[in-house]
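**Q** Below are the chains, spelled out letter by letter.
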Amino acid sequence: MKEAIHITGAPSAGPGLDELLVRVARGDQQAFSRVYDAVCGPVLGVVRGVLRDPAQSEEVAQEVLVELWVTAARYQPSRGSALTWTLTLAHRRAVDRVRSAQAAVERERKAARLGGTPAFDDVVEQVEARLEREQVRRCLRTLTELQRQSVTLAYYRGLAYREVAELLAVPLGTVKTRMRDGLIRLRDCLGVNA
Amino acid sequence: MSAAAKGAAGRDAELHTLTGAYALNALGDRERVRFEQHLAVCPACAQEVRELGATAVRLGLASSEVPPSAMKSRVMARISAVRQEPPKVAAAEAGRIPPAVHRARPPARRRLAGFVLAACAAGLAALGGVAVVQQRAADEARAEAREAAELARRSTRALAEVLTAPDVRTRSTELGQGAAGTVALSRERDRAVFLASGLPRPDGGRVYQLWFADGDAMRPAGLLASTGGAEAFLMEGAVGRATGVGVTVEPAGGSPAPTSEPLGLLSFPSG
Numbered sequence: 010m011k012e013a014i015h016i017t018g019a020p021s022a023g024p025g026l027d028e029l030l031v032r033v034a035r036g037d038q039q040a041f042s043r044v045y046d047a048v049c050g051p052v053l054g055v056v057r058g059v060l061r062d063p064a065q066s067e068e069v070a071q072e073v074l075v076e077l078w079v080t081a082a083r084y085q086p087s088r089g090s091a092l093t094w095t096l097t098l099a100h101r102r103a104v105d106r107v108r109s110a111q112a113a114v115e116r117e118r119k120a121a122r123l124g125g126t127p128a129f130d131d132v133v134e135q136v137e138a139r140l141e142r143e144q145v146r147r148c149l150r151t152l153t154e155l156q157r158q159s160v161t162l163a164y165y166r167g168l169a170y171r172e173v174a175e176l177l178a179v180p181l182g183t184v185k186t187r188m189r190d191g192l193i194r195l196r197d198c199l200g201v202n203a
Numbered sequence: 004m005s006a007a008a009k010g011a012a013g014r015d016a017e018l019h020t021l022t023g024a025y026a027l028n029a030l031g032d033r034e035r036v037r038f039e040q041h042l043a044v045c046p047a048c049a050q051e052v053r054e055l056g057a058t059a060v061r062l063g064l065a066s067s068e069v070p071p072s073a074m075k076s077r078v079m080a081r082i083s084a085v086r087q088e089p090p091k092v093a094a095a096e097a098g099r100i101p102p103a104v105h106r107a108r109p110p111a112r113r114r115l116a117g118f119v120l121a122a123c124a125a126g127l128a129a130l131g132g133v134a135v136v137q138q139r140a141a142d143e144a145r146a147e148a149r150e151a152a153e154l155a156r157r158s159t160r161a162l163a164e165v166l167t168a169p170d171v172r173t174r175s176t177e178l179g180q181g182a183a184g185t186v187a188l189s190r191e192r193d194r195a196v197f198l199a200s201g202l203p204r205p206d207g208g209r210v211y212q213l214w215f216a217d218g219d220a221m222r223p224a225g226l227l228a229s230t231g232g233a234e235a236f237l238m239e240g241a242v243g244r245a246t247g248v249g250v251t252v253e254p255a256g257g258s259p260a261p262t263s264e265p266l267g268l269l270s271f272p273s274g
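The listed protein sequences derive, respectively, from chains A and B. The number in this note's numbering is simply the position in the first sequence, starting from 1, with 9 added. The number in this note's numbering is simply the position in the second sequence, starting from 1, with 3 added.
Just chain B, same shape as in the assembly:
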């Protein structure tokens, strides 16, 4: 078979054959990220993915169903209550290189899907005094399967990378009701980890959401599925020029912009 694909050319050829599996959403997370990186530099693959994606959609159309009419009123009610992403978000993201845990392709964004983000939370090796943190994902995302394990391994590695970065700095704050939050920041790696302990599970299906504070603007940085224990989360996205981190309680699925007063705000240590 493919004589163990020597060199970059071989790897590219091998990646190219993934267009079909990608269009069918049949890749594991790690492969998908790799493939998306490849897509960015392979116009022929991108074209093929577009065509095969449109073909897969025909399979979907063929199984169309009639939704209950009440669904529309529920959706319409919901959209009048959630804020839309501004167009510039899309532009900014299109040009960004995807970090490991971050999905790059616009239709594939998963920020709103709480269960996926929850699956990104992972157990992690300790740094100094920071205890090993036990991960527990949201109900739907109880990690096990290979997919989740793979994701967890990668997430753990990414977490450990931040926490063991030579320039890591931490800052802690109370979050009320005996809960505490700590942010660990590595400017060098341009990533931050949020460590929470004792956060009660929010009621009514709501979730905790993390934010990067870019001056006055809050940029979504992932959802926490808290279980009251101690947990660590690799914050979504690059730190960039953020000056701090905030935590709010948001409706299920999170919000594009905070809809409540923050439980806590942490300014990054300077210097």
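One chain only, chain A, in its complex shape:
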């Protein structure tokens, strides 16, 4: 079949992804097939990072990809790349799932989770070990400790910033600004422009 579209590391999709998604919005299944090839890996990676459970991650990743087909018409190329749009959707769905799934047993577990089991440093380590792209890892290292913790716990663990604040025992306002400052520093380090 068609070759997968190259997306390696680029902030915007490789050639054609944006255009392909526009075609998907018009019901082009072949275009969707190519979009799928380009985004399925990152989509699953994002979802898996947050959910961890492989079966559930696959299920959510599938939902995301179907939703991409259904809602493709909402994608506006002027507002960002198709890849950003897709992975933002994937991350949200994963976070939705982790928060709603946790809700049931949360009351008891929350204390334990926030109380530091597993040790929070391990969590960050574990997350970072999964990062395949050296550049992202290197750039994460340019953040202050608190910036890095805030950003990774929110993105890779799906924690709300209130939870991050609780976990790190810092004021809410501090976490808010660390998330922003951390992302700004990452943006500059990675050379992201949008």
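Hints in this document: simulated from the structure, not taken from any laboratory. Please read these numbers as outputs of a predicted model, since none were measured by experiment. Some clues are possibly wrong.
Computed from the model, here is a short list of chain B residues facing chain A with C-beta under 8 Å [said to hold, decoys possible]: (1) L18; (2) A24; (3) N28; (4) L42; (5) P46; (6) T58; (7) R61; (8) M79; (9) V85; (10) R190; (11) P259.
Idealized CB from N, CA, C, for every residue including glycine.
For this one, chain A is given, so just place chain B on it according to the hints.
**A** Using the frame of chain A, we list chain B on its own:
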């Protein structure tokens, strides 16, 4: 610290610092809605959100995984069976001011995510004879956590607002198998609440979906996670010029347009 942010300028400055948390999906629901409203009037924030969002995506790309090959055939099979949203839906929504329970930003639409919609169902205070309705969300969405509680509180308030509106009108119908549906409509608030009782849980992971009837066209208005009891749902979206409400059974996640005959159709009371 931020001297309790006096006035709108202070609030805006405070909101502006949420760009990072927003890009990381780390805001609670209420804050997210507020922030999205702010985004609409703050081009600088919107630009920053775009950049930080693209940055967050790099974090995601860095953790890419290889999906099982069977996943593709499942997805391809599924997409050939679901209908896509027409482009005009996007245009219409872009210009709409988000109501409280409604997420405005295009990539953030949650209509298809059954579990989130289920979480929107909330316990609610009674209006006259309408009994307090016990909420039970779908399996995945068993409400508890602060997020859900916050959402429920807001949803409850929104429900109560409709049900206590001075111009509220109701209409009921049988939905088969002993189930009944009632719609409460407030033209003034431009919102409607659907009250269901005795709806059996649909089989095969399917869901009940609500629709606004705009003449002949059906507009999605949210999913019901029925548990057979009595439940109330704030219908998604504004009533607008809708002339009635329909209920259908749809595949998990809902459909952009009805795929089955309605269990029931209710015309709004006129006048």
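**Q** Next, verify each hint and record whether it holds.
**A** Here is what the structure says about each hint:
1. L18: Violated. Min distance 10 Å.
2. A24: 5 Å, holds
3. N28: At 5 Å from the nearest chain A Cβ, B/N28 passes the 8 Å test, so the hint holds.
4. L42: 12 Å, violated
5. P46: Violated, because the Cβ-Cβ distance from B/P46 to chain A comes to roughly 12 Å (cut-off 8 Å).
6. T58: The hint holds - B/T58 has a Cβ within 8 Å of chain A, the shortest such distance being about 4 Å.
7. R61: Because about 5 Å separates B/R61 from the closest Cβ in chain A, which is inside the 8 Å limit, the hint holds.
8. M79: It holds, given that the least Cβ distance between B/M79 and chain A is near 7 Å, below 8 Å.
9. V85: 6 Å, holds
10. R190: The hint is violated - B/R190 has no Cβ within 8 Å of chain A, the shortest such distance being about 29 Å.
11. P259: Because about 6 Å separates B/P259 from the closest Cβ in chain A, which is inside the 8 Å limit, the hint holds.
Checked against the numbered hints listed earlier, the structure breaks hints 1, 4, 5, 10; every other hint is satisfied.
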